[in-house]
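**Q** Residues 12 to 426, numbered by the working numbering, are exactly what the sequence shown covers, in order.
Keep in mind the hints are simulated off the structure, nothing from the lab.
Treat the hints with care, since some could be wrong.
Unchecked claim - Simulated restraints on C-beta separations: (1) Ala212 - Ala320: 18 to 28 Å; (2) Thr381 - Gly204: 28 to 38 Å; (3) Arg22 - Gly136: 44 to 54 Å; (4) Arg120 - Ala313: 16 to 26 Å.
Heads up, the beta-carbon is just placed ideally off N, CA and C, and yes, glycines get one too.
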Amino acid sequence: MMGGVSSTSGRLDCDVLVIGAGIVGLSTAHALTRRAPGTRVTVLEKEPGPARHQTGRNSGVIHSGIYYPPGSLKARFALEGAAEMVKFCAEYGIPHQVTGKLIVATEHRELPRLHALIQRGRQHGIPVRELGPVQIAEHEPHVRGLAAIHVGTTGVCDFAAVTAQLARLARDAGTETRYGAAGQVTAIDRRPGRGVAVRTADGAVVRTRALVNCAGLHCDSIARLAGDAPQARILPFRGEYSELAPEREHLVRGLVYPVPDPAFPFLGVHLTRGVHGGVHVGPNAVPALAREGYAWPTVRPAELAGLLAHPGTWRMARRHWRYGAGEVRRSLSRPAFTAAVQRLLPEVTAADLRPAPAGVRAQAILRDGTLVDDFLLAEGPHTVHVLNAPSPAATASLPIGREIARRVAGALGDG
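Can you build the whole structure from these sequences, using the hints too?
**A** If you want it as structure tokens, here you go:
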């Protein structure tokens with residue numbers, strides 16, 4: 012018996028238990044019920060509602076897939092997912108727009124990376140146009156750059172509304188979702204041939220044939236509760252956003268991104284006109300001092316100690332301390348953050364920028380200090396773990412959910 016959970020023998024409460032009611036968890040529940048109608052699915056979520064963390068705290072961008080190497084899961088699922096997400100939003104009346112976006116080089120040293128993105132976009136079959144300074148100004152009159160590319164398939168949507176719709180579809184197919192203490196996992200007992208039993212904070216035990224771990228910021232902890240030893244540890248990075256003051260929103264028409272640094276899976280400070288209006292600016296990415304550390308004062312000593320005890324944290328810090336120091340400086344210094352924005356938008360001033368809600372990215376890191384750059388799914392007995400699903404996971408959530416459902420069916424011998 013593991014973690015004080017009673018035996019898994021006896022009646023099963025469901026066929027598949029999904030931990031996490033973010034967009035990936037609920038897409039998985041939806042995919043499971045579509046793949047095999049009548050499958051009994053239960054979703055556990057420790058928050059009082061869905062999409063309370065990564066899903067509901069991002070800039071709402073439907074990514075094209077242009078950043079991701081051919082053959083990677085990110086490329087495959089983002090390319091499929093972007094088109095599917097637009098179709099899903101249209102079918103269910105969810106706010107969305109296919110706006111396209113600019114990726115802008117502001118320095119000569121960025122030009123080779125911009126040209127590499129052009130080639131990658133063409134490899135993926137993504138509509139990409141090269142722009143000079145005059146063409147940049149035609150798209151975004153207040154943005155300045157040496158060169159840019161226009162990516163036609165990028166858009167914006169309301170991912171929280173998408174998640175709510177997935178929850179409704181799953182519920183209509185018989186899925187049960189438990190929130191709060193009834194959805195907070197405290198112990199897991201997994202035995203070969205006998206399924207899985209999960210205890211929740213209210214003392215209930217849920218018995219299931221298979222477990223899917225879509226716990227996001229807590230996915231590695233859930234994997235360890237299940238008795239697995241995940242190869243990666245979650246290192247939370249807080250993405251801090253600002254927004255343009257309403258009277259300055261005219262400075263940005265659509266989506267404007269810098270050329271990304273290939274050493275990091277983050278995309279740098281960018282400009283995003285949201286589907287509900289307003290212009291988000293950011294994020295800069297700093298290590299969070301708790302898994303749900305949405306501000307500097309949020310510190311959870313036990314979680315922080317676990318991060319500091321992981322060798323990958325120190326190896327990454329030694330390798331990339333200069334980059335990290337720059338991000339921390341922009342976090343703590345309003346003039347430094349403003350200067351970063353001015354690379355793309357020279358007219359902006361510190362007075363134009365207002366604080367906006369932050370997000371925390373669940374970024375997996377290996378023991379050697381390498382940041383995991385692709386989606387990472389791992390399987391154990393009766394179990395599928397989603398161990399790395401940061402951006403573009405929201406864009407890619409529909410095909411990710413189908414892939415997880417396929418793996419669950421295989422693990423259960425259902426084909």
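**Q** The structure should be examined with respect to each hint, and the outcome stated for every one.
**A** So, going through the hints one by one against the coordinates:
| no. | hint | result |
| --- | --- | --- |
| 1 | Ala212 - Ala320: 18 to 28 Å | 25 Å, holds |
| 2 | Thr381 - Gly204: 28 to 38 Å | 36 Å, holds |
| 3 | Arg22 - Gly136: 44 to 54 Å | 50 Å, holds |
| 4 | Arg120 - Ala313: 16 to 26 Å | 42 Å, violated |
The structure fails to meet hint 4 from the earlier list, while all remaining hints are met.
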